[in-house]
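K.L.:
Given chain A, put chain B in place with the hints provided.
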Amino acid sequence: MSKGVIAALANGLVFVTGKGGVGKSAVAAALSLALAEAGRRTLLLGIDPRENLHEWLGVAPSGGERLAIAPGLVLESLRPRLLIDREVETRMPIRLLARQLLAHPLYHQFVDGAPGLEELVVLAYVERCLHGEFDVVVLDGAASGHALGQLLAPALVAEAVRGGPFARLAARLRGLVSDPRRCRTVLVTTAEEMPAAETFELAEELTAAIGVPAALLVINQLAPDDLPVARAGEAAPLVLWRRRLARQQRERERLRSGWSGAVTELPWLPLPRGAALAHALAEWLAAAPEAPA
Amino acid sequence: MKRWPRLLVFVGAGGVGKTTLAAAAGWLSARDGARTLVMTFDPSHRLRQTLGVGAEAALSEIPVAGAPGGRLRASLLDARTTFDRLVERYAPDAAARDRILGNRFYRTFSGSLAGVLEYMAVERLFEVRAAERYDRIVLDTPPTREALDFLGAPRRIVEFLDSGIVRLAFRSWFDDSGRPRLTRRLGPLGRRVEAGLDEIVGVDLLRDMVEFFRAFGPLYEGFRARAAEVERLLREPETGFLLVAGPGEERIPETLYFARRLREHGCHLAGVLVNRLHPPLESAGPWPPLLAFLSRRDGEGFRLLAERLGEIPLGGLPLLGDEPAHLAGIERVAGELETALAGLG
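Each protein sequence line maps, in turn, to chains A and B. Just so it is clear: in the first sequence, position 154 is 154 by my numbering, and no numbers are missing. Just so it is clear: in the second sequence, position 197 is 490 by my numbering, and no numbers are missing.
No wet-lab data here; the hints were simulated from the structure.
Here are the computed distance ranges between Cβ atoms for each label pair: (1) Leu-597/B with Pro-61/A: 15 to 25 Å; (2) Leu-222/A with Thr-632/B: 28 to 38 Å; (3) Ser-260/A with Glu-624/B: 35 to 45 Å.
Residues from chain B that face chain A, not an exhaustive set, calculated with beta carbons under 7 Å: (4) Arg-397; (5) Thr-401; (6) Pro-581; (7) Leu-583; (8) Leu-584; (9) Phe-586.
Glycine included, every Cβ here is placed at the ideal spot set by N, Cα and C.
The following block holds chain A by itself, in its conformation from the complex (with noise of 0.2 Å):
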């Protein structure tokens, strides 16, 4: 047996994604609570425009503000625009000049319409965090579609770009998301049919755009099997439930059959989205070997 689920994601970025709906947020709360647990300095970081990972530690919405949870833990919900204005105060050498840049309408429409700057802005910041001030940022990053924009953006700008600080600071990010020793992509999915096969889908195209393979499977809401054996005349409900049951074992054993990294499984547990489940499922996580039997 290898060593835990935690201490193999304890340093660098810890990328968190999967389909719509799997619990994603959930599992980057449950972790970056199980980190700091572990004595690691730990940043979440939300990148979603509506705030939702404070619900899951039970604080109220920041604003964007960092919020200290717990020991070694901080929260903090990024908003890239406001990262690019401040760049663009810093750098600019005359400071007239940047005001005027800052509220021209042109610089508006360049920073909502260029591919690949927020993403970058994201990554970049993610550098600067890990950078003494952290052990690791975990990233709560989009589903599916957008995450795989947000690891691919270093490249394609690294591409498009020929010369300049865009094409260096590309080319640097580009370097930390194919470093598997930096960054590490933990996918997330449920034990379902259509999860699973974008799970699969998601898995090969990361591994394609970045060289790296994803870190860790993270099967979610496993409904336990604990029916009594069918019997007939059953009611409807534990009819349903049953072939629910069956339908999630095949997809398990589907996913862990065809996955060939680490894997791990969380519970579903009967208790609503909120910081109880969050700490409930960090508990299940820092005891998690990284590949259970």
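P.N.:
Frame of chain A; chain B shown alone:
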């Protein structure tokens, strides 16, 4: 929903089952005799798997084998292919077309430009609708971060074009040697500005972008006119939106947010459908604890949502033992959808 709209749009957050319900709606529509097209913007090809159509569905509208009366077709879109088609179609001549298709900036980014995916969805929708080959179109909306981004896509693109970036690009910013003219004329100050620009974005990138927008100029008026048409199409009474939501109280704020956004946009919300409701447990049990929890959660969530939605019609679809991933199972979902839609009044 007494009368089906000519254009039926499924919206909602990721993972709630929009694509399956869109396919089921297409199936019902075809069964009732309407020539129907199901369109999706689906980078992960979910609808293709469900309907059993091949990759060629990205290029044209493909008949769905085994669908009622042979009246159902499917179209699967990706931003890059649609963008290329648009350029080919609307470029004034071959030279203009080649300038765009050959531009580095375009080649690298046309599939990933912010908002392009959403915009292309509505563009293509407009194109198909204008051809009038179908009695009904069912649209499964793109899985955007904000889920309703596509509503504002036409307006955003018009604003962008109106902003003058395209016109600006026609000025001669760069001299023959590729140096920015403006900064050269400004002397020493200009050199500092140029250095600043180069430091921030890189002059090379600016040059590529300017070239791209310049090549794009001749297509501008066409884009503008169609974007306005699409805006109108999304608001007309013959277009209906169905908002699909996940079960449980915790999803309610998101559902209300989507409903509000649709209304603000002047779109006709035909109803909200809560998908995959765990069954109510009538007797005392014993039930598996998780099932009991989920059943209570979904029941309470549904009741609360009904209260909060007020006038907006609400329907529910039960969780199925087998979620269809192929056309073979779609009939069952279609049956449930039909019941739910009838209940919307």
